[in-house]
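Below are the chains, spelled out letter by letter.
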Amino acid sequence: DIQLTQSPSFLSASVGDRVTIACRASQDISNYLAWYQQKPGKAPQFLIYAASTLQSGVPSRFSGSGSGTEFTLTISSLQPEDFATYYCQQFNSYPRTFGQGTKVESK
Amino acid sequence: EVQLVESGGGLEQPGRSLRLSCAASGFTFDDYAMHWVRQVPGKGLEWVAGLSWNSDSMAYADSVKGRFTISRDNAKNSLYLHMNSLRAEDTALYYCAKERTFGSWTEGYGFDAWGQGTMVTVS
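Residue numbers (the numbering used here), protein chains in the order written: chain A, 1 to 107; chain B, 1 to 123.
You may find that some hints are simply not true.
[As the list claims (entries may be wrong)] Calculated cross-link-like contacts (lysine to aspartate or glutamate; reagent style DMTMM-like; alpha-carbon spacing at most 25 Å):
| id | chain 1 | residue 1 | chain 2 | residue 2 |
| --- | --- | --- | --- | --- |
| 1 | B | Lys43 | A | Asp82 |
| 2 | A | Lys103 | B | Glu89 |
| 3 | A | Lys103 | B | Glu46 |
| 4 | B | Lys43 | A | Asp1 |
| 5 | A | Lys39 | B | Asp112 |
| 6 | A | Lys42 | B | Asp112 |
| 7 | B | Lys43 | A | Glu105 |
| 8 | A | Lys39 | B | Glu46 |
| 9 | A | Lys103 | B | Asp112 |
[Claimed, not checked] Now the stretches of chain B that chain A is said to cover, found in silico as 3 or more residues with beta-carbon under 8 Å:
| id | segment |
| --- | --- |
| 10 | 39-47 |
| 11 | 55-63 |
| 12 | 109-121 |
No lab work stands behind these hints, which were simulated from the structure alone.
Treat the numbers as computed from the prediction; the structure is a model and nothing was measured.
The beta carbon of each residue, even a glycine, is placed where N, CA and C say it ideally should be.
Start from the sequences, fold in the hints, and give me the full structure.
Here is the structure:
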């Protein structure tokens, strides 16, 4: 099974900060990676697919990059509504594993 | 508007069975693979099972393989998860999720719609 490791697990940041979250795959997954945002008590929201393509309706301050085994999610200027937990998920093979999550908290 | 509504959760004893349902609307259900994802409150997401648009292909997490069965009824726009031999560690919020890309199965591009989840407690 492909393992996904996110770093950091927790991140303290302020509004306006540039935030970067890493996701490392245990083997080459090409660009078959998606990112989600989840707020407490809510279902995950789909942000990015194919590692770098923004889902329709997602603000342009979100971006994704990477291929192979190394991926990043970047929020260019953190907004109040962006404090949440972020997950990566691989779509190269089954099982469709998730990273353990990165919680972005207010500093 | 795409909508996924899960039902069937509740409190069940270890060793017993439960069937979850997911009612889909707002899209052509039989064009897309569908999945179940679970989340223990306060913990991360765990993919549980997936089923191709035509039910020809399915996959399971090792943690549920042999105990859970995913199925769908395209005529009823519904997805199901039959959960047998329940264990305490199956306690979680169970989400139904839609594959983003028409007809995809082997590789994929994300889950672009999620339900609000149905809570399963095994105790």
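Status of the hints after comparison with the structure:
A distance of roughly 19 Å separates the Cα atoms of Lys43 of chain B and Asp82 of chain A; the hinted pair therefore holds under the 25 Å criterion. At roughly 23 Å between alpha-carbon atoms, Lys103 of chain A and Glu89 of chain B fall within 25 Å of each other, so this suggested pair holds. Distance hint between Lys103 of chain A and Glu46 of chain B is fulfilled; the C-alpha atoms sit about 16 Å from each other, no more than 25 Å. For the given pair, Lys43 of chain B sits about 20 Å from Asp1 of chain A by alpha-carbon distance, which is consistent with the 25 Å threshold.
A distance of roughly 16 Å separates the Cα atoms of Lys39 of chain A and Asp112 of chain B; the hinted pair therefore holds under the 25 Å criterion. Using a Cα cut-off of 25 Å, the hinted pair Lys42 of chain A and Asp112 of chain B holds, with the two alpha carbons roughly 14 Å apart. Pair hint Lys43 of chain B plus Glu105 of chain A holds up; C-alpha atoms about 16 Å apart against a cutoff of 25 Å. Among the hinted pairs, Lys39 of chain A with Glu46 of chain B is consistent with the structure: their alpha-carbon atoms are about 16 Å apart, no more than 25 Å.
Proposed proximity of Lys103 of chain A and Asp112 of chain B is supported: the alpha carbons are some 21 Å apart, at most 25 Å. Given a C-beta distance limit of less than 8 Å, the hint that chain A covers the segment 39-47 of chain B holds, as 4 residues qualify and 3 suffice. Under the rule that three or more residues need a Cβ within less than 8 Å of chain A, the assignment of the segment 55-63 of chain B holds, with 4 such residues. Check result for the segment 109-121 of chain B against chain A: holds, 9 residues qualifying (beta carbon to beta carbon below 8 Å, three or more required).
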